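Asks: Heads up: the sequence lines are chains A and B, in that order.
Following our numbering, the residues of the first sequence are numbered contiguously, the last one being 293.
Following our numbering, the residues of the second sequence are numbered contiguously, the last one being 1428.
Don't read these hints as lab results, they were simulated from the structure.
Because the structure is a prediction, the values reported are computed rather than measured.
Where hints are given, some of them may not hold.
[Unchecked claim] Cβ pair distances, simulated, as ranges: (1) B:Gly1115 / A:Ala4: 53 to 59 angstroms; (2) B:Gln1284 / A:Phe226: 30 to 36 angstroms; (3) A:Phe217 / B:Ala1093: 31 to 37 angstroms.
In this text, a Cβ means the ideal position worked out from N, Cα and C, and glycines have one as well.
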Amino acid sequence: MRTATRLQILLYLTPALLLTLLFFALPLTFVGYMTFHSWDGIGPILYVGLQNITSLIHDPSFNKAFINSIIWILVGLFIHLPFALLIALILSHRPRGWRFFRNVFVLPNVISTTAVAFLWYFVFQVDIGLLNGILGAVGLGGLARPWLFDPHTALAATQAPFVLYIGFTMLIFLTQISTIPADYYEAARIDGASAWQIDWHITIPLVRPAVAINALFITGFCLRMFEYPFIMTSGGPMDATLNLSLYIYRSMVTAHAYGLSMAAGSATILLGIAVMALVFLALRRAGGRPAEA
Amino acid sequence: MRLRRLSILGLVAALTLGATAGPSPGLAAGRAAAAPIQITMMSGWPLNQARGVVLQGLVNQYNKLNAGKVKVTVDINPDWPALQQQIRTMISAGRAPDIFQYNFNPNDLSMQKSGQLLDFTPYMNAAWKARFNPHDLATLTIGGKLLSIPFEADGVGFYYNKALFKKAGIGAFPTTWDQFFSDCGRFKKVGVAAISLQTQDDAWLGTNILSYLAIGLGGPSAYFGRSLDTPTMVRAATLMKQVFACSTADAMGANYDVASNDFLLGRTAMIADGPWAIGPIEKQFKGAAQIGLAPAPTFASGAGKPGDLVTDAQSPFAAGKQSSPRKAAAIANFLEFLTSPGSVKQLTLQGKLLLSPKLQLTAGDQQGADPLLVHLISLYEQAPRRVVEMTRILKPAGEAKLPSLLQGLALGSLTPAQFVQQLQASNH
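Please build the complete structure, drawing on both the sequences and the hints.
Replies: See the structure below:
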C-alpha cells in the first residue's frame, strides 16, 4: 500500500481514535489506576495497594450488588430476550394489526427511563399503587403487599419494566428475520412444515447473529441499570435491590470513597467481559457464527 | 502580484486581531478597578420557599446598598445532596465557590483541610464575633483558622395534629415514651398511624427519632463516644423497631416527601422535623391552629432531661479562598450583613429558620410571628441541652450505610444488636 494511502487512512481514522482515547481509553486507565488508590474527592490521592479490592470482597453490600447484577443479566438473557424473540416471531407472520402491536411494544422504549421508573413506582406503591388497587378490586386484597419494600418481591418489582418493555430487542430480531430469504420459507411450506416448525427449524437458527447482538446490548444495559433501583427503591430494602451501578454511586457520592467505587467499576467491567465471552462461547458451540452479525 | 495580495491580507488580519484583542493592560486594569466585585452565592433554597424568598430579598437589599461596588448573585440548586456534591467537585477542581452553605461534620473535615477555604479570622471584628455563641465559633475553627461562619442550626420538634389526637381520644402530647407507645394503639384504632418515618435518602425523619431515643436513654453523649456499639444504642435500636410499628406501611422505603405528605394529609398524627416544616403545614392546614408543637417524650429513668433538643448539623457558610483581597473582604462584609440582627430577624420570622447568630425578638415581633415558629424558638432557647442529630456526626461511609441498616432493623432482618454492630463497623 502506498504511503500516501496509508497516511490518508490514518487521517480519516484520527478523529475517531482521538475520541476513543479521550472518552474511553483515558477514563478506563484512570478507573484502573484509582482501583489501587484512595481518594475522598478533595484531599490527596493515596496509594493503598489491594485494600480496595479486599474491602469489596468483605463488604456484604458489594457482594449483594454483584449477585443482583448477575441476576439482572440472567433475567435479561433468559426472560427478556426469549420474550422479545417470541413477540418478534409472532409479528413476523404479519397477523392482523401487527403494525399497531409493533408500535405499542416499541413506544415505552422511547420514553425516558426516569419517567418509566416513576410510573412503575406508583404501580407498586403500597397505599395508592395500581397493582394493590386492582388486587383489592377483584377480591384478592390478601395478596396486596409492599412490593417495593418486601425483600422477597422488591428485586423482581424493579425488574418488571425491563422484562415487559421488549421493544428495542424485538426490533433487532424483526430486522434479522426480515433478511432471511423468502425461498427458505416457501420451500418449507411446500414440504408441509407448520408455522411452528418453520420458526423452530428455520427462523430461530438464522437469528443467532441477532441473539448475539441483543445479548451484548442486554448485558450492557443490565450492568448500567441505575434508574429503576435508584428511583423505585434506592437500593433497598436492606440492599435487596442494590446493583453495581447503584453501589458505585453510593460509594462515590455519599461515602466519598472514590477508590472503592472505581474498584467496583473495575469489577463491573470484568463481569461484563466475562458474560460476553460466555455468551459468544455458548453461541459458537450451538453452531452459530456471531462474528457475522 | 500574488505576494502583494497575500501581504495585504496578512496586514488586514493582523489589524483585525489587534482590534478585537481587547484593551491595553493599563486600560483593562482601569476598567477592572471600576467594575463591581461579582460574588456568586450557591444556595439550596428555592424561591418557592419562604427562606429562598427572604434570602433573595436580603441579597437585593445588599446589592442596592453596595451598588456599583459589589454585586451578589444567588445560584440556586434545590437538590441539597446534588448541591453538596457540586461544591465538593468544585473544591476538588481547585475552584471553590465564592460562598456556599454545607452541613458541618466534625468527622469529615476534608473541605476544611483542602486549603481552599477563606480564613475569616482577619475579618472577624469584635462586634461581629459577639453575634455568635463562642462554642459555635470554636467548633468551626480548624487549625487555628475560622473557616466557616455559623449560620443555620435548626432544632427538631414534634409537630402533632390536634384533631387526630382528639379523634383518638388522647388529651395531650405524650411526655414519656411509654405513653407514646400506648398512644400508638389508640391511633391505630381510629385508622391513623402515630408518626411519619422515612428510611430512604438520609432517613432524616427516622434518625431524628433514633437520636431522641438515644439521648433520652443515655444523655447528650449517647452516640458521641469512641464506639456506637453500646448498650444504650442497642436499647435505642430496640425501641426504634417498636416506633416503626407505629408508622405507616409506606414508611419502609419512604423518602422525605412521602413521609411528610403522610402527616400533611392526615395519615399520621406526628412528625419530628425542623422549622422548614412550618411553611407546608400552614399551607395545608390553612394556618397552624390545628397543629401543635411539643418537645420529645422522655424516659422516666433515662439520662435525658425534658426539653433536650436534637438539632440538625450546623450549616455554616464558607467561602473559597480569593486571590483578590478586595473580593475576600467583600465576601466577609456580605456574610456580616447576612448575620446582622436585622437579617437574622427576617430570616427567622419570615424565612422560618433557626439560626446560630443571636436573635433579639421584641414582644411585638413575637406577637406578629408564626405561633409554631415562636414556639420552636422557645423550645430551642429553653432546651437544657442541644445535641446534633446522629446522622450528621457519622463518617461518610456510616452515613451511606445507615438507611439500609434502618430498613433491616424495621424488617426484622437485623436484631438491634446487629444493627448497632454493623453501624459501628461501617462508620470508618
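Asks: Evaluate each hint against the coordinates.
Replies: Do the hints match the structure? See the list:
1. B:Gly1115 / A:Ala4: 53 to 59 angstroms: holds (54 angstroms)
2. B:Gln1284 / A:Phe226: 30 to 36 angstroms: holds (33 angstroms)
3. A:Phe217 / B:Ala1093: 31 to 37 angstroms: holds (34 angstroms)
In summary, the structure agrees with every hint in the numbered list given earlier.
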